[in-house]
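> Here's the letter readout for the chains.
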Amino acid sequence: SQKIEQNSEALNIQEGKTATLTCNYTNYSPAYLQWYRQDPGRGPVFLLLIRENEKEKRKERLKVTFDTTLKQSLFHITASQPADSATYLCALGSNDYKLSFGAGTTVTVRA
Amino acid sequence: DAGVTQSPTHLIKTRGQHVTLRCSPISGHKSVSWYQQVLGQGPQFIFQYYEKEERGRGNFPDRFSARQFPNYSSELNVNALLLGDSALYLCASSWEGNSYNEQFFGPGTRLTVL
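First to last, the protein sequences are chains A and B.
Using this note's numbering, you'd call the opening residue of the first sequence number 1 and step up by one each time.
Using this note's numbering, you'd call the opening residue of the second sequence number 1001 and step up by one each time.
Just so you know, the hints here were simulated from the structure itself, not pulled from any lab data.
If you want the ones that stay clear, here's a sample from chain B, every Cβ over 10 Å from chain A, calculated:
#, residue
1, P1008
2, Q1017
3, K1052
4, D1062
5, E1075
6, S1086
7, A1087
8, W1095
Partner residues aside, some chain B positions facing chain A, computed with beta carbon under 8 Å:
#, residue
9, F1045
10, R1055
11, L1090
12, N1101
13, E1102
14, G1108
Virtual Cβ for every residue (Gly too), placed ideally from N, Cα, C.
When you get a sec, could you build the whole thing from the sequences and use the hints?
See the structure below:
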């Protein structure tokens, strides 16, 4: 069955550093991968989409890579700020309108 | 513009009862999806509706049902509640022609089953 794994440990980093989150998957061939941010008690907010034929996407201080051979996506937050503290979710999708989410990685940025 | 709205915000039910959760999508969005998020886990896909038709269904029992109305709002119904149904229920909408399924989520309904 499909399995999506994100960093098992929470990530604590110093302000200004780069946070790198991983999303690994098995038994799945997604057509695209998305990253969302979720704050406590709120719904997820869409951040970035990367398609299966794309290697890298950037948006402001965010960068996503997608390696379909390794079955892995990396999500980078550069020049991190305390306001970046949240849980980050990866989600995989194909042509069946279902999004499959990982459990998320909690990031805390210390001032 | 208003985002996705959900009601109620919180709900407490007892085992065996029935619950109805409501969702209004972003204006202009015709697709509504429902997700269940248990504490410490990611959202799990339950249903997607588009133009009042079910377009996708996740691995949930038949106790879960949904429908979409002509104004594109949606209801999620859960019968014979179990303790394990306690979760945050998220509704998300997306626009027509959104091939990559970018979801706009509401704040969720927190359901507690006692």
